[in-house]
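K.L.:
Take a look at the letters that make up each chain.
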Amino acid sequence: MSSVFSSDQPRLTKRPLFYWILRRHHGWQLLLLVIIVASLFFRVFPLEMQKRIINEAIYLKNIELLFLYCGLYMGAILLAGLTKYAINVLQTIIGQKILVELRTELYHHVLQLPLQFYRKMQPGTVISAMTAELNAIGFFLGGAITIPLTSILSLLVFLGFMFHLSPLLAMLSVTVYPFELIVIPLLQKRYNHYNKKRIATTRSMSNVVNEAISGLQEIHANGSYTIEEKRLSTYIHILYDQLKRLFVIKYGIKFANNLFQSIGPFILFLVGGYLAIHGEFTLGALVAFLSAYEKVYDPWKEMLEYYQSFQDAKVRYNQIMTIFDQKIEHPLLPDKRPPHHLRGKIELKNAGFSVGSGLKLLDNITMSIQPNEQVALVGFSGSGKSTLALLIAQLYNINHGLILLDDMDIAAMSKSDINRNITMIAQRPFIFTGTIRENLLYAVQATGEQEQQLPERKDILQIIQDVGLTEDILRFGFNTVIPEERVKPIKASLLRMRQIINSELREPFSKVVEPYDINAFMSYASLKSNLLFGESLTETYALDNLPYSKTFRTFLLKNKLEEPLLKLGLTIAQTTVDILRNLGDDDFFFQGSPMEPHELEEFIALLKSSKGHMPHKKSAMDRLLHLALRFIPAKHKITTMSDSLKDQILAARHDFLKNTIQLDMEACSRSTQLLQQDGAIVALPAYEQQRDFIPYCPSEYLYSHSLRDNILFGASKQQLRDHQDLLELAIKAFAREGLIDEILDIGLDFEVGSQGDRLSGGQKQKLAIARSLLKESTILIMDEATASLDNTSQAQIQHLLEKKYRGKKTIIAVIHRLDLTPGYDRIFVLKGGSLIEQGTYEELMAKHGAFYELTQAH
Amino acid sequence: MKNSWQNMAHFMNLPKHTSDNCENGKCQIQEALALLQKLSLFRDTPLDILKLYAYLSKKHEFKKGTLIIQQGKLCQQMYLIIKGQVSIYEEYNGINYKLQQLEDDGLNYFGELSLLTSIDSFFSAWAETDVILLSITREAFQKVMERYPDMYSKAIEKIITLRIARSTDQTRRLIEKTSPHVWHDSDSKLKK
Chain A
-9 MSSVFSSDQP
1 RLTKRPLFYW
11 ILRRHHGWQL
21 LLLVIIVASL
31 FFRVFPLEMQ
41 KRIINEAIYL
51 KNIELLFLYC
61 GLYMGAILLA
71 GLTKYAINVL
81 QTIIGQKILV
91 ELRTELYHHV
101 LQLPLQFYRK
111 MQPGTVISAM
121 TAELNAIGFF
131 LGGAITIPLT
141 SILSLLVFLG
151 FMFHLSPLLA
161 MLSVTVYPFE
171 LIVIPLLQKR
181 YNHYNKKRIA
191 TTRSMSNVVN
201 EAISGLQEIH
211 ANGSYTIEEK
221 RLSTYIHILY
231 DQLKRLFVIK
241 YGIKFANNLF
251 QSIGPFILFL
261 VGGYLAIHGE
271 FTLGALVAFL
281 SAYEKVYDPW
291 KEMLEYYQSF
301 QDAKVRYNQI
311 MTIFDQKIEH
321 PLLPDKRPPH
331 HLRGKIELKN
341 AGFSVGSGLK
351 LLDNITMSIQ
361 PNEQVALVGF
371 SGSGKSTLAL
381 LIAQLYNINH
391 GLILLDDMDI
401 AAMSKSDINR
411 NITMIAQRPF
421 IFTGTIRENL
431 LYAVQATGEQ
441 EQQLPERKDI
451 LQIIQDVGLT
461 EDILRFGFNT
471 VIPEERVKPI
481 KASLLRMRQI
491 INSELREPFS
501 KVVEPYDINA
511 FMSYASLKSN
521 LLFGESLTET
531 YALDNLPYSK
541 TFRTFLLKNK
551 LEEPLLKLGL
561 TIAQTTVDIL
571 RNLGDDDFFF
581 QGSPMEPHEL
591 EEFIALLKSS
601 KGHMPHKKSA
611 MDRLLHLALR
621 FIPAKHKITT
631 MSDSLKDQIL
641 AARHDFLKNT
651 IQLDMEACSR
661 STQLLQQDGA
671 IVALPAYEQQ
681 RDFIPYCPSE
691 YLYSHSLRDN
701 ILFGASKQQL
711 RDHQDLLELA
721 IKAFAREGLI
731 DEILDIGLDF
741 EVGSQGDRLS
751 GGQKQKLAIA
761 RSLLKESTIL
771 IMDEATASLD
781 NTSQAQIQHL
791 LEKKYRGKKT
801 IIAVIHRLDL
811 TPGYDRIFVL
821 KGGSLIEQGT
831 YEELMAKHGA
841 FYELTQAH
Chain B
79 MKNSWQNMAH
89 FMNLPKHTSD
99 NCENGKCQIQ
109 EALALLQKLS
119 LFRDTPLDIL
129 KLYAYLSKKH
139 EFKKGTLIIQ
149 QGKLCQQMYL
159 IIKGQVSIYE
169 EYNGINYKLQ
179 QLEDDGLNYF
189 GELSLLTSID
199 SFFSAWAETD
209 VILLSITREA
219 FQKVMERYPD
229 MYSKAIEKII
239 TLRIARSTDQ
249 TRRLIEKTSP
259 HVWHDSDSKL
269 KK
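As you go down the protein sequences, you meet chains A and B in turn.
Each step along the first sequence adds one to the number in the working numbering, with nothing skipped, and position 496 is 486.
Each step along the second sequence adds one to the number in the working numbering, with nothing skipped, and position 8 is 86.
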């Protein structure tokens, strides 16, 4: 890594395009060159054969010679094709290798650019530069050296061959080239001009789209669709205009090329024909000459194309490099020393910060904070308190004065000096795609992998508890479908939780769950679950496959269930269509039917074509069966099932489990009883053979279900989340046996979604706080870090800082809510970029100054 | 495949008969529909809408002496008495006054105002006997009315007219009892 980023190279954004091409991969490029030279021979050789076939074999009527020359001709062509293939592949490989380096180094640079840079930069520009625009360059990179080399070499070889045949004809046929050399670059210049404009327009367009998508909430809220459409449509039209011109020129170039290409043969036939008629030129030579002329045009064309793509790539490359052309302010690592370990003393001497226009955001700030002191920065909005926090975190750089950390100048410190000692929590922290655990460990992992050990589970859970995320993580844990390998080591604990719910807490939980019982029809489970009383890990018994499964249909027939189930399906379809015919656009109405709103149209058509009777078509009957299998008697009011059908289904279940699955029903039944009586859960004997099928027996973990479903172990009557009291009851019981940590551990693996969009604002904030606290840095800077939390959570975090971290961290908190300030050692009051008061809460209140006024205003 | 075709043949020509699966006891929807049809509140409501109400309604059972609606708590549904007796009380200054006794024979209902607006109940309802009720939630009522906006004003009118009738009824009952000794009729069991 260090060799790639060593400092003796020119600044990345100042490097010319060819720097990347010439720097590395010399071996590959040499190999390519060798193949190219070889390929040249195989391309000229057939021309010589052409001449000989006509002049010697045909003229002398020598069959043997004809075969020989034709064979050689074909062989050479084949080899020429193969070498060309190898050249293409090699070119692409080299190009992509260079692109990988270019992209990696550019991203490294882009990430380190100072925050100020991104204030002015639109994300769309950066994204499009890093992705699509670089791709287009990569295409050029591979052939950057070899294409011109090949072209020039082959041009020379073919020209040489032509001079060898006839210097006069050769001279004549190249006369057109100089014209081309004038016309085409002229056109190309115009092309480059519009191409540059096109890139700029595309960027602006992606910025507009990017902004619209980011601000979609605002757009929907204001109904400002037309405004946004107008904004984009301006660019769409500009782009249309530019592309139009671009292509007009592009095809103009093509036309010029073609024209010049066809002038050549015209001269050749005219002059060459004249010479041949007069016997001054052999027919074979003429044919070979014509071929050579055609061939000579290929490298010529390639060179022109190369010229175009080189221009194109150069324009793109320079555009990309210009936007990122900014110096990185602080090196990643310190020079010739390990990173500092700070004690946490912070001093500002006449520090000032102003932005481009000279506007002073902070002016002449002098303050001193002792190690482990906890201070609050307060002030009106716009007073500069957040800016001050950013300056101390080295995220911004002061323009005047000094900031000293442990008496050392912050300006001379490397990024890693800062990262190891300072943690900053932003007001709106960023959560990365990944799990909660990954986000928690993000900061720790970033600071030197060797130095800090990754925190243990109990430390992580402690922090979670500290910031008040435990309940949320528990909920995530309950909702997780745990992968099989993760279940195995903790299966006993999970089954124990199941047992607690089903024995000790059976009575209260009967409100939300109907426990699985192999000998009972379950009103809150679908008919499919009632029939199979279990599920397969593979797709064998998946609902969508059942109607088409031959074994399943045979099983239904054997148990005389096919007819009643089809009839049930028909009744459901008829009644649903009858009542909900016009309501297919609202889920609300479909709560009492197994039919999904999107299926309504299909079933209307199905019933129409069968005139309301049982349909004849197999596919239609399959659909009805599918519908019936989804029917949940207690939830789907659309129809009522007879008790006799319920009994029949129960009997069929027993038949299926006994004969198809070969389940030890007695064991399952006994196990179910023991579960309720808080006895030991008995594993099913001899069950190992049918690993694919998991029956709803107490000893079995249901891998396709969430942890909550597994613990409740039954059909859901009502949502557990609507019954907070039950949840608390369960958690209390689990905690008593130390089972909670297992659930939390699973909850930590909850995927937070893109930018944490599956978390609430408060959860994100707490996660960010936990993440920062896990990284045990000496200085903690909080920029209104608890502002988006509710009062209770805010107080909890405040209490945590005051108690647990007192004497352990220097804490600087930018605070808006003044009722939190009494807990701090000292308070700094800012106004209009200046520090106007400082002291303890009591001092400032007694002083009746600016701080006192602020508190009164609240 | 062929087997299932032959098997199908003997019943596919059966006439359409929606209550096929309801041999044991009636279908819930039809049962509910029959009740709703008898209700004066829904006298002029088209069958289509009534069917929807029947489909969206829920059955509840309350044991004798339990509270169905508590005064001051949010009430989100109207109830129709299928079986049993319900009494309506209003608490005032810590004393509960019995406003009405609703029997099942007259197809009684209560809580109809909660169909119109989300309000805290201004009365309590108790099960005098074991009671079976049918409920229609405000959400269901509003969702249905969204579909039949032209029916909405009529429905409101009807609810209010019936409400006035009920108020008159209740007032009469109170007036009849307006003599000092009647007041301790208020049930002490209601005090919490």
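Hints in this document: simulated from the structure, not taken from any laboratory.
Built from N, CA and C at the ideal position, the CB exists for glycine as well.
Among the hints, a few may not be true.
As the list claims (entries may be wrong) - With a cut-off of at most 27 Å between alpha-carbon atoms, the simulated DSSO-like pairs for lysine-lysine come out as follows:
| # | chain 1 | residue 1 | chain 2 | residue 2 |
| --- | --- | --- | --- | --- |
| 1 | A | K518 | B | K136 |
| 2 | A | K837 | A | K821 |
| 3 | A | K625 | B | K142 |
| 4 | B | K255 | A | K557 |
| 5 | A | K220 | A | K87 |
| 6 | B | K141 | A | K625 |
| 7 | B | K161 | A | K707 |
| 8 | B | K221 | A | K625 |
| 9 | B | K176 | A | K625 |
| 10 | B | K161 | B | K176 |
| 11 | B | K136 | A | K707 |
| 12 | B | K232 | B | K221 |
| 13 | A | K501 | B | K142 |
| 14 | A | K557 | B | K129 |
| 15 | A | K501 | A | K557 |
| 16 | A | K557 | B | K136 |
| 17 | B | K137 | A | K625 |
| 18 | B | K129 | B | K142 |
| 19 | A | K501 | B | K232 |
| 20 | A | K405 | A | K518 |
| 21 | B | K129 | B | K255 |
| 22 | A | K179 | A | K110 |
To be verified - Here are some chain B residues the structure puts well away from chain A; computed CB gaps all over 12 Å:
| # | residue |
| --- | --- |
| 23 | Q106 |
| 24 | L113 |
| 25 | T123 |
| 26 | K151 |
| 27 | L152 |
| 28 | S196 |
| 29 | S231 |
Unchecked claim - What the simulated footprint calls covered on chain A by chain B, stretch by stretch (three residues with Cβ under 8 Å from a Cβ of chain B suffice, anywhere in the stretch; the number is not a length):
| # | region |
| --- | --- |
| 30 | 318 to 330 |
| 31 | 624 to 636 |
K.L.:
Hint by hint, note whether the structure agrees.
P.N.:
Verification of the supplied hints:
Simply put, K518 (chain A) and K136 (chain B) have alpha-carbon atoms about 24 Å apart, close enough for the 27 Å limit, and the pair holds. A hinted pair counts as satisfied when its Cα atoms are at most 27 Å apart, and K837 (chain A) with K821 (chain A) qualifies at roughly 17 Å. Of the pairs offered as hints, the one joining K625 (chain A) and K142 (chain B) holds, with about 26 Å between alpha carbons and a cut-off of 27 Å not exceeded. At most 27 Å may separate the alpha-carbon atoms for a hinted pair to count; K255 (chain B) and K557 (chain A) exceed this at roughly 58 Å.
As the CA atoms of K220 (chain A) and K87 (chain A) are separated by approximately 42 Å, the hinted pair breaks the 27 Å bound. A C-alpha spacing of about 22 Å is found between K141 (chain B) and K625 (chain A), which places the hinted pair at or below 27 Å, so the restraint holds. Taking the CA atoms of K161 (chain B) and K707 (chain A), the gap is about 25 Å. The hint holds against a cut of 27 Å. The suggested pairing of K221 (chain B) with K625 (chain A) holds, with an alpha-carbon distance near 19 Å, which does not exceed 27 Å.
At roughly 36 Å between alpha-carbon atoms, K176 (chain B) and K625 (chain A) are farther apart than 27 Å, so this suggested pair is violated. For the suggested pair K161 (chain B) and K176 (chain B), the alpha carbons sit about 20 Å apart, so the restraint of at most 27 Å is met. A hinted pair counts as satisfied when its Cα atoms are at most 27 Å apart, and K136 (chain B) with K707 (chain A) qualifies at roughly 14 Å. For the hint pairing K232 (chain B) with K221 (chain B), the CA-to-CA distance comes to about 16 Å; that is within 27 Å, so the pair holds.
For the proposed pair K501 (chain A) and K142 (chain B), the alpha carbon gap of about 20 Å is at most 27 Å, so the pair holds. With a C-alpha separation of about 21 Å, the suggested pair K557 (chain A) and K129 (chain B) falls inside the 27 Å cut-off, and the hint holds. A hinted pair counts as satisfied when its Cα atoms are at most 27 Å apart, and K501 (chain A) with K557 (chain A) does not qualify at roughly 32 Å. For a cut-off of 27 Å, the pair hint linking K557 (chain A) to K136 (chain B) stands: about 25 Å separates their Cα positions.
Between the alpha carbons of K137 (chain B) and K625 (chain A) the distance comes to roughly 12 Å, so the proposed pair stays at or under 27 Å and holds. For the proposed pair K129 (chain B) and K142 (chain B), the alpha carbon gap of about 30 Å is over 27 Å, so the pair is violated. Proximity of K501 (chain A) to K232 (chain B) is assessed by CA-CA distance (about 39 Å); at most 27 Å being required, the pair is judged violated. Straight-line distance between C-alpha atoms of K405 (chain A) and K518 (chain A) comes to about 60 Å, which puts the hinted pair past the 27 Å bound.
Using a Cα cut-off of 27 Å, the hinted pair K129 (chain B) and K255 (chain B) is violated, with the two alpha carbons roughly 41 Å apart. Between the alpha carbons of K179 (chain A) and K110 (chain A) the distance comes to roughly 31 Å, so the proposed pair goes past 27 Å and is violated. Consistency note on Q106 (chain B): stated as away from chain A, yet its beta-carbon is not over 12 Å from all of that chain's, at 5 Å minimum. Annotated as non-interface, L113 (chain B) keeps its C-beta farther than 12 Å from every C-beta of chain A; the closest such distance is 14 Å.
Against chain A, the non-interface label of T123 (chain B) holds: every CB pair exceeds 12 Å, the least being about 14 Å. The claim that K151 (chain B) lies off the interface holds: its Cβ sits roughly 16 Å from the closest Cβ of chain A, which is beyond the 12 Å cut-off. Residue-level check passed: L152 (chain B) sits 15 Å from the nearest beta carbon of chain A, beyond 12 Å. S196 (chain B), annotated as away from the interface, keeps every beta carbon of chain A farther than 12 Å; the closest lies near 17 Å.
With a closest Cβ-Cβ approach of about 21 Å to chain A, S231 (chain B) is found to remain outside the 12 Å limit, as its non-interface label requires. With a cut-off of 8 Å between beta carbons, the region 318 to 330 of chain A has 0 residues touching chain B; three or more are needed, and the interface restraint is violated. Coverage of a stretch by a chain is defined here by at least three residues with a beta carbon nearer than 8 Å to that chain's beta carbons; for the region 624 to 636 of chain A and chain B the count is 9, and the condition holds.
Hint violations for this structure: numbers 4, 5, 9, 15, 18, 19, 20, 21, 22, 23 and 30, all remaining hints satisfied.
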